[in-house]
Amino acid sequence: MKSASNGSGPKIGFYICHCGTNIAGTIDVEAVREHAAKLPGVAVSKGYKYMCSDPGQEMIAQDIRAQGLERLVVAACSPNLHEETFRKAAAKGGLNPFFFQMVNIREHASWVHEDKAAATQKAEDQVRAAIHRVRFHKALEKKRVPVHPDVMVVGGGIAGIHAALTAANAGKKVILVEREATIGGHMALFDKTFPTLDCSACILTPKMSAVKGHPNITLWAYSEVTKVEGYVGNFKVTVKRKPRYVKEDLCVGCDACIDACVFKEAKFPDEFNQGLSKRKPVYLSFPQATPKVVTIDPKTCIQLKTGKCKMTCAAACDRKAIDFGQKEESKEVPVGAIILTTGFDAFDPKRHEYYGYGRYPNVYSALEVERLVNASGPTGGDVVLRDGRRPEAIGIIHCVGSRDEHTNKWCSRVCCMYSLKLAHLLKERTGAQVYNFYIDMRTPGKTFEEFYDRLLKEGVQFVRGRVAEVNDWAMTREEEGRLVIRVEDTLAGFVRRIPVDMVVLSQGLEARKDALDVRRIFNIGCGSDGFFQERHPKLAPVSTFADGIFIAGACQGPKDIPDTVAQAGAAAAEALALVDAGHVEMEPNTSRVVEEECSGCKSCVPLCPYSAITFDEAKKKASINEILCKGCGVCAAACPSGSIRQNLFEDDEIFGEIEGVLS
Amino acid sequence: MPLQQTMRYESERDRAFADWVESITGGENVKGCIQCGLCSATCPLSIYMDYTPRRLVNLARAGFKDEVLSSFTIWLCASCYACRAECPKQIKVTDIMYALKRRAIREGSYPRRFPIPILAKEFSRMIRGFGRTPETFLVADLFLRTNWLRFLDMIGLGLNLLRTGRMSFVPESIQGRDQLRRILDSVDGESAKEERAVKEAA
Chain G
1 MKSASNGSGP KIGFYICHCG TNIAGTIDVE AVREHAAKLP GVAVSKGYKY
51 MCSDPGQEMI AQDIRAQGLE RLVVAACSPN LHEETFRKAA AKGGLNPFFF
101 QMVNIREHAS WVHEDKAAAT QKAEDQVRAA IHRVRFHKAL EKKRVPVHPD
151 VMVVGGGIAG IHAALTAANA GKKVILVERE ATIGGHMALF DKTFPTLDCS
201 ACILTPKMSA VKGHPNITLW AYSEVTKVEG YVGNFKVTVK RKPRYVKEDL
251 CVGCDACIDA CVFKEAKFPD EFNQGLSKRK PVYLSFPQAT PKVVTIDPKT
301 CIQLKTGKCK MTCAAACDRK AIDFGQKEES KEVPVGAIIL TTGFDAFDPK
351 RHEYYGYGRY PNVYSALEVE RLVNASGPTG GDVVLRDGRR PEAIGIIHCV
401 GSRDEHTNKW CSRVCCMYSL KLAHLLKERT GAQVYNFYID MRTPGKTFEE
451 FYDRLLKEGV QFVRGRVAEV NDWAMTREEE GRLVIRVEDT LAGFVRRIPV
501 DMVVLSQGLE ARKDALDVRR IFNIGCGSDG FFQERHPKLA PVSTFADGIF
551 IAGACQGPKD IPDTVAQAGA AAAEALALVD AGHVEMEPNT SRVVEEECSG
601 CKSCVPLCPY SAITFDEAKK KASINEILCK GCGVCAAACP SGSIRQNLFE
651 DDEIFGEIEG VLS
Chain X
1 MPLQQTMRYE SERDRAFADW VESITGGENV KGCIQCGLCS ATCPLSIYMD
51 YTPRRLVNLA RAGFKDEVLS SFTIWLCASC YACRAECPKQ IKVTDIMYAL
101 KRRAIREGSY PRRFPIPILA KEFSRMIRGF GRTPETFLVA DLFLRTNWLR
151 FLDMIGLGLN LLRTGRMSFV PESIQGRDQL RRILDSVDGE SAKEERAVKE
201 AA
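Chains G and X are the protein sequences, given in the same order. Residue 1 is where the first sequence starts when you use our numbering, and the numbers rise one by one after that. Residue 1 is where the second sequence starts when you use our numbering, and the numbers rise one by one after that.
Errors might be hidden in some of the hints.
What the hints assert, rightly or not - Here are the computed lysine to any residue pairs in the SDA-like style, where the Cα-Cα straight-line distance is at most 25 Å:
no.: 1; chain 1: G; residue 1: K457; chain 2: X; residue 2: D19
no.: 2; chain 1: X; residue 1: K92; chain 2: G; residue 2: M441
no.: 3; chain 1: X; residue 1: K92; chain 2: X; residue 2: L180
What the hints assert, rightly or not - Covered stretches of chain G (in silico footprint by chain X; criterion: 3 or more residues with CB under 8 Å from a CB of chain X, positions within the stretch not fixed):
no.: 4; segment: 111-120
no.: 5; segment: 494-507
Said to hold, decoys possible - Quick list of simulated restraints, FRET-style, between CB atoms:
no.: 6; chain 1: X; residue 1: M7; chain 2: G; residue 2: T21; range: 22 to 28 Å
no.: 7; chain 1: X; residue 1: G37; chain 2: G; residue 2: P215; range: 55 to 61 Å
no.: 8; chain 1: X; residue 1: V187; chain 2: G; residue 2: D382; range: 46 to 52 Å
For the record, the hints were derived by calculation from the structure and aren't laboratory data. Just so you know, even glycine gets a beta-carbon here, dropped at the ideal spot from N, CA and C.
Generate the whole structure from the sequences, applying the supplied hints.
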């Protein structure tokens, strides 16, 4: 190893950013600048208030040209934010962008320390390490790889529908994968949408039909993604197509098979209606289901369970669409970009046992009430309770499974507004006295506060306080035979007991039960709340840490329909920007095998998470596909003979860094 | 201090009272109250009140009639209109206070031995009788009805005022007292009519 401490190396330019007071408030930037100026090889040492600004970048480019700088070190924020910015500044000055090293003295020093002297000392150590390292940097080139033009959208709720239509309208081929038998998602369950009270079906179903009829969209409903291989611009996605036992291209959704089913009465809980009605083993989720194809449920169909049925359904189908022999299919498709719009799960109100859901029949989940007030729901929009009564008083409890350390900590963002909507609809349909029990009223959207004002004036009772329990123990005559809500009316200043006939639990939103599995398939991240993690909360809200994979809608966090649609449009635009560019540039931080040193032990081959290493049987040497390599460094670290080298992490670079930090 | 149960049952709510509050002149926006508390914060007297104006509005529109009509709050209101001017929902809190005062007097539910409702009541009775407020009688009346011991303390001052002609045992009065009475009857008749309409509607 060659010593790095003599002064005869390349000419280095050093720049330190104040980042306003973000860095300069804790670190004595002038001291660090002076410290760097004295280090061997440093020809220029400067500080500036905002290095990332245009004047800051221009200063670097000019110094490179004027002073003939051969290496560049910038001490500023995280390379995640501005590494690319300063590489471009280097290139502008005529320097290979990889002759640059970034030092993170913000996230790694100024933001995390309070002791100014110690933070300054640490920044100096970091800077010394980088200045020692950068002299060993080599000129590198980014590789350009062509991009597959097709886009895949996973999840057919309103987010997926909108993203698929946007990309398809731009002329891209889109594959829309949906797990359920029909697209539509949660929005298909709603009667009205807040705050405008426009009919959900009226605005959703035309978009569903547009998906079905779009020449650029391939709709794979009742299907799931099982594997994603490849990398940005060139993914290979494996999709499992579950058997419906009905040929999709033949079925027209005429219902003849449903009428003919040997079960004369529907007797299995209808999932679409939240179990408030029954269906047969062969069913269509709802009349506007898309694709309009019936599905046979293998858990309840006699033929599929026992093989001993008269199969009256198959006989009734004059298009011969029913096929009990259908098998699960697996399809592999190449795509350039993937948009995940897998949505949310509603909080299971059983987990909040003091509210009696599942114990008292007249305690409903909000999703059940959505179906109950829906004109095409199980009662045609008539609000009849499970015991056949009509409610005279209704209590709507907010924040069920939200803002609670026992369940979910977050505010689910939509519950206040949908509770107001349900209060309006229930009051309109039943004329009942409606109470809303809330902790804070959160109406932060366009015309949302006006909607709250409208509800106040409609005479809905608002009681501020988190309900402690719902029970049926009467203490007065008017409470007899009813459900009693016990709550502190925090604005009135006393505890109240309020008897009602119907309780609605406004469930919060949470991540899908299998979000962690899906996360692994797509190699993206989840936050501590379980929702998919965006790349940056403000500046990259629909990107993920996996290039080429975007997220939109409630899979990223609770949000309402307008925000979901806006995000879906944004995700489609990001995907289009990627596939329309025609190629992607790959970071040159890849590994390579030095063939003459490789012993052919194969230890690296199974370790590679991206399957980029193959073993050349003829030469008995490992070989790395540069395009597949993501630069994680596992192979380089594991190679027993040290014959795998990684760009930007060469031994001399790393030893230089260590020597610098210790000197 | 004896312990008291403070929990309220729904049967203690008087919905007709809530409807009445919304129907009175000035009460039309009370449903739109968002309980922000600006009225209480801006009120120079809320610091002495048993229920702050915000809480009183909340109790009134929920129909907790007993709490509202027996509160000190409505009598402490000095009609400065600060709340009325600043309310973000344009609720006419002062007008509501006036209506609540009239109703509390009519129902006899104002706090006993508290001078302000008695002053209001005696003031209006004397106007009705004389067209003026003869101070000797008003003051004597007020002390006798609230704290007659203090009346004894004040005798010296009273005698001095009488001697210098500042007070008189001859009540002042106006001409045309019957006309004034007719005006007052007509006003009372109107509010009684309103009352009846609300009761019938309920």
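In terms of beta carbon proximity below 8 Å, does the segment 111-120 of chain G have 3 or more residues touching chain X?
Per the Cβ count (0), the hint is violated.
Straight-line Cα separation of G:K457 and X:D19 no greater than 25 Å?
Judged against 25 Å, a Cα distance of about 12 Å means the pair holds.
25 Å limit on alpha-carbon distance, applied to hinted pair X:K92 and G:M441:
holds, 23 Å
Cβ separation of X:V187 and G:D382, checked against the hinted range 46 to 52 Å
holds, 50 Å
Between X:M7 and G:T21, does the C-beta distance stay in 22 to 28 Å?
Given range 22 to 28 Å: violated, Cβ gap about 53 Å.
Go check the segment 494-507 of chain G versus chain X for me, would you? Three or more residues, Cβ under 8 Å, otherwise it fails.
holds (count 6)
Just to be careful, I want the Cα atoms of X:K92 and X:L180 compared with a cutoff of 25 Å; is the pair within it?
Judged against 25 Å, a Cα distance of about 28 Å means the pair is violated.
Has the hinted range 55 to 61 Å been met by the Cβ atoms of X:G37 and G:P215?
Holds: the Cβ-Cβ distance is about 59 Å, inside 55 to 61 Å.
When the structure is compared with the earlier hints, violations turn up for hints 3, 4 and 6 and for no others.
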